[in-house]
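Number of protein chains: 4
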Amino acid sequence: MPGVQVENGKVFLQRTEPERRRLVHALNRIEGQVRGVRAMIEADRYCGDELQQIKAAISGLSRVARLLTEQHVNAATTALLDGAGRDVVDADLSRILKTILAI
Amino acid sequence: MPGVQVENGKVFLQRTEPERRRLVHALNRIEGQVRGVRAMIEADRYCGDELQQIKAAISGLSRVARLLTEQHVNAATTALLDGAGRDVVDADLSRILKTILAI
Amino acid sequence: MPGVQVENGKVFLQRTEPERRRLVHALNRIEGQVRGVRAMIEADRYCGDELQQIKAAISGLSRVARLLTEQHVNAATTALLDGAGRDVVDADLSRILKTILAI
Amino acid sequence: MPGVQVENGKVFLQRTEPERRRLVHALNRIEGQVRGVRAMIEADRYCGDELQQIKAAISGLSRVARLLTEQHVNAATTALLDGAGRDVVDADLSRILKTILAI
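Residue numbers (my numbering), protein chains in the order written: chain A, 121 to 223; chain B, 121 to 223; chain C, 121 to 223; chain D, 121 to 223.
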């Protein structure tokens, strides 16, 4: 169970090493896809293929965002059971929800 | 006016140097944002801030996709006026549209 | 505070009368927008205007989805403090999150 | 082939009867789904099920938007071959593209 702290009305979680590795690995892959888009544009490749590669990068980023949000919601319920105020946790969850839904 | 070619039922356009530079510049920025997300995750930053950075990278990629699509639609009408078959151009535009709308 | 119940691993909330009225009002408006799109199509109106009206209806539906999700997350933290099992609440939140993020 | 006209810099198309019927049919279905969401909310159904129904309505609207856009792009290439100015058609397509991509 990752460590959870509340500071300035925000829930912070300390990820476990495997959780962090998985996210970093996903971001390395996305970075490669972004570089791939740039190389395709420099070579004037077919627009449909460039768009497919952009789509792959966006899907990857959305997956990471979903994962971060799930971990965070988990941390927030931990914080609540650890005695963090209900108002704090509700406000925090509402803020995170607004952010992810605006993506 | 960029050059336009039709090959295997696909419209290809050769971008002008300023068009290419603008796109490459945007992708360099997006690559930096993706690295930023990774650094934030490695430092266990606040989830809401990580999500904001992911949102910035996704917005950047969407903007590039829109730009590529607009340039492509322009190239397709050029191809049409240059004598490329109507069926070819319609099929090409329909394919590009499907791809961008699936992003 | 609306009533909250847990049944078959799902958190149910009983909305207050003002909450329900607000949602029903929003849905009546969306229904009118959908009918508006149909009338525009029957009259062969400009495609850009038809798309704008579709956009308005989709935005309305997304807003309702966000509102439902916020109310639900609130209900889930209430359930947790009322003694509902942590596993139940985490699984429920994770399911709701998956659903809203797939929209 | 549907009729195409250009007025005030906008491409208008007159849909064929089967095209119109298909769109109207889809919108009737979407209207039913929106009413379904309202009924679920009035009955305080499970939030996840309400969200699923909202998702179905949004998917339906997106499909209609895609269909309208495809028909419009087709009409625009017809207009171009019929002698409508290239600037007019490019501006029209660019406007439609911006609208659909903002949905």
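Simulated from the structure, these hints should not be mistaken for lab results.
Possibly wrong hints are sitting among the right ones.
Any copy, or any two copies together, can satisfy a pair, since identical chains are not distinguished.
[As the list claims (entries may be wrong)] The calculated EDC-like cross-link candidates involving lysine to aspartate or glutamate, where the alpha carbons are at most 16 Å apart (straight line), are:
no., residue 1, residue 2
1, Lys218, Asp202
2, Lys175, Glu137
3, Lys130, Asp169
4, Lys130, Glu151
5, Lys130, Asp207
6, Lys218, Asp164
7, Lys218, Glu139
8, Lys130, Asp164
9, Lys130, Glu162
10, Lys218, Asp169
11, Lys130, Asp210
12, Lys175, Asp207
13, Lys175, Glu151
14, Lys175, Asp210
How the hints compare with the structure:
no.: 1; hint: Lys218 to Asp202; result: neither (24 Å within a copy, 25 Å between copies)
no.: 2; hint: Lys175 to Glu137; result: neither (29 Å within a copy, 25 Å between copies)
no.: 3; hint: Lys130 to Asp169; result: between (41 Å within a copy, 11 Å between copies)
no.: 4; hint: Lys130 to Glu151; result: neither (29 Å within a copy, 28 Å between copies)
no.: 5; hint: Lys130 to Asp207; result: within (11 Å within a copy, 23 Å between copies)
no.: 6; hint: Lys218 to Asp164; result: neither (38 Å within a copy, 20 Å between copies)
no.: 7; hint: Lys218 to Glu139; result: neither (24 Å within a copy, 19 Å between copies)
no.: 8; hint: Lys130 to Asp164; result: between (46 Å within a copy, 13 Å between copies)
no.: 9; hint: Lys130 to Glu162; result: neither (43 Å within a copy, 18 Å between copies)
no.: 10; hint: Lys218 to Asp169; result: between (33 Å within a copy, 12 Å between copies)
no.: 11; hint: Lys130 to Asp210; result: within (10 Å within a copy, 19 Å between copies)
no.: 12; hint: Lys175 to Asp207; result: neither (38 Å within a copy, 26 Å between copies)
no.: 13; hint: Lys175 to Glu151; result: both (13 Å within a copy, 15 Å between copies)
no.: 14; hint: Lys175 to Asp210; result: neither (33 Å within a copy, 22 Å between copies)
Hint compliance for this structure: hints 1, 2, 4, 6, 7, 9, 12 and 14 are broken, all remaining hints hold.
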